[in-house]
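Visitor: Please put together the full structure from these sequences, using the hints given.
The primary structure of each chain is shown beneath.
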Amino acid sequence: MPEDPENKAGESNEGISRRGFLSSVSAGAVAAAALKGAPEAPAQEIHAGNKAVTINLSVNGSTRKILVEPRWTLLYVLRDAIGLTGTKIGCERGECGACTVLIDGKPRYSCLTLAVEAEGRAITTIEGLLEGDKLGPVQRAFAEEDALQCGFCTPGQIMAVEGLLRSNPNPTLDQIRIGVSGNLCRCGVYKNVFNAAAKASRLRVYKGGA
Amino acid sequence: MSEFYDKLEESFRRSFEPAAPPDDQMQPWGGTRIVGKELPRVDAFERVSGKAQYTYDVILPEMVYGATLRCPHAHAMVKSIDTSAAENMPGVVAILTGKSPGADIPWYGGKPPQSKLFDPHCRYQGDEVAAVAAQTPYQAWDAVKAIKVEYEVLPFVIDEESALKADAPKIHEGGNAAGKPMSMRRGDVEKGFAEADVELEETFCTSVQIHANGEVHGSVIKWDGNKITIWDSTQGVYDACMISFARTMGLPYNNVRVICRYMGGGFGSKLEMGKYTVMAALLSRQAGRPVKMMLSREETMLCVGNRPNAKMTLKAGVKKDGTLTALQLTNVYTPGAYSAGASVGFLVQELYKCPNVMVTESGAYTNVGRARAFRAPGFPTGAWALEQMMDMLAEKLNMDPVEFRLKNFTDVSQTRKMPYSSAGLKDCLIEGAKKFGWKEAKAMPKGDSHIKRGFGMAAGLWMMGSGGPPYTAEVRMFADGGVTIKAGAMDIGTGTKTVACMVAAEELDVPLENIRIINADTALTPYASSSGGSMTLPGLVPAVRRGAWIVKRQIFEWAAGALAVPTDDLEIRGNSVVSRSNPDKKRTLEELFRSKGVMDVIGIGNREPNPANKAIMPFGAHFAEIEVNTQTGEVKVVRLVAANESGRVINRKTFECQVFGGMVMGLGYALTEKRVMDRRTGKMCNANLHDYKVPGALDVPVNHEVLPVDLQDNECNNVGCKGLGEPAHVPTAAAIANAVYDAIGVRPNNGPIDSRMILELLSKKKRG
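Chains as they are written, first to last, in our numbering: chain F, 1 to 210; chain B, 1 to 768.
Hints listed in this document are in silico derivations from the structure and should not be mistaken for laboratory results.
Predicted, not measured: the structure shown is a model, and the values here were computed from it.
Hints may be right or wrong, so weigh each one.
What the hints assert, rightly or not - Listed next, the in silico DSS-like pairs over lysine-lysine satisfying Cα-Cα at most 25 Å (straight line):
hint : chain 1 : residue 1 : chain 2 : residue 2
1    : B       : K653      : F       : K199
2    : B       : K145      : F       : K51
3    : B       : K145      : F       : K65
To be verified - Covered stretches of chain B, going by a simulated chain F footprint (3 or more residues, C-beta under 8 Å):
hint : stretch
4    : 289 to 302
5    : 489 to 499
6    : 619 to 629
As the list claims (entries may be wrong) - Covered, in the sense of this in silico footprint (three residues per stretch, anywhere, with C-beta under 8 Å from a C-beta of chain F), are these stretches of chain B:
hint : stretch
7    : 47 to 56
8    : 648 to 657
9    : 693 to 706
Idealized CB from N, CA, C, for every residue including glycine.
Guide: Structure follows, in structure tokens:
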């Protein structure tokens, strides 16, 4: 199989990395910036068990106060508590990348991140890349390059590319391939994903940070 | 006000002529304006924005979550189930076992039925034992763990040869033979081998491949009295869900509404109703609340299908001039614990001209997960044997593999006994070889380093891919020129919606932006068969074209009357119908519709039957360039080229995307994908996406080209298109195997060809 030229995909901050994930969540699990006036999420309180805790989650620029069980993943809370179902469930064990979101601007598997660990972090989901009712540059590139078939892994692929371009606005082809190597596509449209990432880097005006 | 009602009352007296099928014939398109272009998908926005709602994304008020307790043993008998602890767990709203009301349901067919929804006799690791619904998925899984089951663990067998021995554990009452051996004979193979100058025999094995589709299997259920709405992750809202569900539950079809607008991949594994749908429906009845039941990734790896293994012994006879005289194939396989199709013999009977063919196939039940249809069932497997054998014969005859295949080309289907509507094999071989630079590649030196370069090719066809009736499309044009298509067909990622809109836009001469499609909802859209067999495109789009044509004809008849010109002098330009000979003669659509007192015109397009005397099959030839690292055993695919003949290309962009994807899946079949069973426990070792290796971004070549071969097939249907999803996948793995042989000079009979196998082959070669 093709060799990884830098041979450190696991530590690359362009892509998803399990090692990177571990260090990031342990560092940020504590600080809970209590924001007054944060909108309450409805309905979830009835589901949370006795050990539920209230957390403030900053998602796509707005902060929500949510009651969660400590074991709930960020993926579950984003989808079922907040209703942002653009982030997909593929394996729930950090193998496929369908659940990729940005945490403080870096791509992370939201199935391996507990919601309580994401408190105080800036979370960006696929919905957060929209510019009003228009597609963001990475989304537009994926549509134009037909970098999808069934589309189920696509939000994750797009978030991986978004994260890559935030840290490396002009990636080489090999950097792109490594950047999306944590995202499986069973329909096999990788070639178009590479093209879309290259196109997105041309389309995208780098805004800096998350 | 009364004037308004007077006018309205008056208008009710005017007659309205609904569109009727005209009696003249629709002609094949000459040039096309939209069809054939590279266009983004019509639903690309929804899919890249995260707005597309897949089954997994359906969230309903009061909805609860289902989870399944599965047998952890390869073979066991359930002695007792104690759900008392689970019932008192937080959030639990319903528990289902085989003893629950309505749960005694036969499953997997057969007479008597092979099993039940919950069968105490568990025949593989993953058979269903009980199910739970709770307020959160976490609570549901907690409750599953709290159910106490007493199992009598039974001896198991996981390989087909041991399963047929007299002392093997008995999996079914009738024994372990999976039906009667299948046998097919054409001509006389003995005579064929007697005529041959060269005779070769070789055994080829393939491993079990798992579908591993992105979205797991599952359903969301909502009852309203005895009417039900099912959001199902399915390849067919009608056949694969509505009809099976209604029959199983004793409901009228129209009480069952099934919706699946977006589906995250199936590859054949979602062509039948899942137990999860029925379990969710029963849980939902019990709980009085909607239930979402999605499987875990592990459950999908174990329980909802795979491509069965094969042990194929292929004997071939050929004359010195390269003429095939006989092909004899024997295949032994296991469908798993329950019956499933697993035949691999069709390609041997059909792909090359051969008067004498014999195929014998037999299977045995084992204590492993059951097979299901998987992208061109039997064909990539059959190609693995046939296409390696073709290369072996060519080498023996000192012929070029492409030349040897061309020598045995036929434009007549030997199984259907009629000519092909278009016989693309020859053109795929010739054009594909040209595109790949086959002659030049074969002349290249192998290299002196430990990295050996190899080139290989293989061909294939797909037996279906014609599509056919019944398929219905409702095409509806509004007075402002906007068009809505309604079709029951699925878009499982192939781009069905996009090509349907393009065909309607082409026929109606309106911009693609004017067309909207509503699909895959049994309450709203007309019947379509399931999306399998590469039949959706050629099944649906001729119906769409017919519907659009009926609409156009109706409007043209109105315009012809108003403008006093013949209908064939008319065309649609912008929002008007215009006379070609005198463009001053025109009416806007608005005017025409108003003059007839209508706001829309509806054309019901039915798929016409296929020609009676033609066989319709898509073809392909794939070419691979690879590198083998003889020190590590790694195989790197450097370049792939596909030439695929699937009739008219509707959308060049989605065509290419489909072929890339088919080849990537073939790359996995050749090199990385394999279900690994533990012989000591009978359990699957790699029931996850970490250990089961689906090709990733670093495994696929960037250099990857697709050549559509269009022979202008005007006979297959009114659009001239054939299916693509499966023929795009059939030859790839065999082409890579042939390239590996070219690189290292040892034939990789067994797949997948992993590093260890390469090193073993090389050391075998060294030993001589």
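Visitor: Any hints from earlier that this structure breaks? Give me their numbers in increasing order, please.
Guide: 3, 6
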